[in-house]
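Can you build the whole structure from these sequences, using the hints too?
These protein sequence lines are chains A and B, in that order.
240 is the number that my numbering gives the last residue of the first sequence; the numbers go up by one with no jumps.
303 is the number that my numbering gives the last residue of the second sequence; the numbers go up by one with no jumps.
If you're looking for bench data, these hints aren't it; they were derived computationally from the structure.
Source: prediction; values computed, not measured.
Hints may contain errors.
Said to hold, decoys possible - In silico DSS-like cross-links for lysine-lysine, where the CA-CA straight-line distance does not exceed 30 Å: (1) B/142 - A/71; (2) A/71 - A/104; (3) A/104 - B/142; (4) A/6 - A/71.
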Amino acid sequence: MKRLVPRVITSFVGILLILTAFGARPGPDGGGVWPVRAFDYVDRNFSVWFNILAVFAFILGGASLLKSHVAKVAHRRPDWPYSAVTLVSFVGVLAIGMLKLGGPPGLQGEVTDPGAWFQIVFDAIYDPLLATLYALLAFFITSAAYRAFRLRSPQAAILLASAFIVLLGRTPLGTWLSDPVPPSLGFLRLDALSVWIMSVPNLAGQRAVLIGIAVGVTALTLRILAGRGEVDGGGA
Amino acid sequence: MNGAARGDVLQRLGRLDRRWLYLALFACLAATLWRQPLFRDGLSTFSRPVFERIEALPPGAPVLVSLDYSPASAPEVEPMALALTRHLLLRGARPVFVTLYPEGNNMLQRLRDQAIDADFPESREGRDWVALGYKAGRQMVINALRQDLATMYSADLRGAPIDSLPALAGVRRLDDFAIILALSSGTPGLKEWILYGGDPTGTPVAGGCTGIGAPEFLAYFPGQLVGLLGGLKGASEYEAALADRYPERAFPRRAQLAMGPQTVAHALILLFLVLGNLSYLRPRRRSPGRREGRTA
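Shown next as structure tokens:
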């Protein structure tokens with residue numbers, strides 16, 4: 005029963021949403037025969053219900069984060085000071101946001117107002133931290149490219165040549181280096197070659213991956229709708 | 008230098024300590040950031056349709072702008088948001104800002120400071136543009152907007168009811184917008200706007216993304232996606248086109264200035280790729296022992 009009920013609900017909702025996707029009418033509401041009206045109703049309201057549930061997921065996520073990190077700090081598990089920092093940051097930012105400190109008061113007061121503490125925390129701590137973390141990628145990519153791009157095989161040579169063309173073609177340096185190329189041979193310009201690599205060989209690979217994923221998702225969906233796939237029933 | 012010594016040098020060039028790479032990159036980036044060279048740029052196959060679409064918008068056209076990025080990708084995506092917002096306001100369009108990212112409201116505040124308040128002080132919130140902000144629910148928010156804007160947003164970020172906003176006059180659902188501009192750095196983002204917003208309603212979708220994400224979106228171009236600003240290069244192209252089209256407005260050229268460090272970094276990576284492969288290019292002698300081993 006624990007497995008059956010979630011599967012039946014999942015199948016029912018899934019089939020209903022598929023029918024709705026094809027049966028509901030785009031555009032203004034009102035009128036129509038009953039199945040179409042029902043599909044309209046489902047189409048109109050399912051997204052809203054989902055969004056209400058999504059808000060509760062934040063509460064669940066916050067509670068889960070608190071539970072795991074409090075336990076880690078309380079039992080002095082390895083790396084517990086990081087958990088302490090996480091807890092202080094989480095509770096601090098939550099309090100600043102919930103109490104709308106420094107910003108316009110009231111439920112409608114926006115926490116991103118220039119004077120609000122929430123915006124100050126964002127500008128002074130969150131933004132520089134994320135920007136720094138992302139900027140470090142430039143160093144790691146340089147090191148990784150130097151070590152990984154080696155002419156070990158003909159395939160590696162093609163990859164290396166493509167990397168050269170795209171890296172140059174995506175910068176003004178490529179445009180400058182291509183300036184001597186006569187207009188009749190414009191297709192040999194580095195920027196043109198870069199666009200060609202992105203639009204033809206790369207795109208062929210991307211489409212193959214996309215179509216493969218779509219077929220896989222369709223197969224998986226059919227299994228779930230038929231009650232043969234794994235459905236997370238909250239520990240059922 | 009004899010052959011053995013040359014080979015030794017090539018071997019060492021192929022095994023440089025990563026700290027030398029970091030130091031070289033840091034020095035080059037610092038020097039370029041200090042000098043701030045400005046390179047000329049032009050629209051590409053992918054960015055031109057975005058510029059032309061916005062240039063062709065009639066005055067007062069409502070445009071949905073979704074800011075789906077965080078500070079991590081802001082150096083690449085934010086210049087696009089700034090340039091597109093400036094272009095929309097120059098054309099007299101009505102940008103309506105939403106976001107599917109929790110950090111989106113903060114990014115919207117920065118956009119308001121840097122592009123709207125700084126360059127268009129005469130524009131009025133609610134009349135010329137609207138900030139609706141963040142809603143939880145990822146792609147389901149798009150699905151709800153497709154049906155009715157009011158199901159998701161009863162008021163703008165200031166708390167003004169959406170029915171009272173002149174900028175939203177005649178806008179009830181997604182297909183009332185002239186175009187959807189999605190600036191994204193991941194999921195949910197441009198792809199979700201195409202699949203859940205553009206495809207079902209027929210509303211044109213254009214947008215921008217990080218450089219690393221651009222190849223994924225080319226599969227949708229030019230049918231489901233009318234144009235794409237790919238990475239910092241795309242933003243730089245758009246800024247350059249805006250400056251050429253409206254020379255009387257001297258907007259900051261953040262992406263174009265950032266192309267200097269990016270160009271130098273790319274050139275340095277290429278230089279290291281060459282150094283790393285020099286040892287592979289030298290002629291090698293066959294090892295008789297290995298050959299014998301194979302035969303055996």
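- Query: Which numbered hints turn out to be false for this structure?
  - Reply: none
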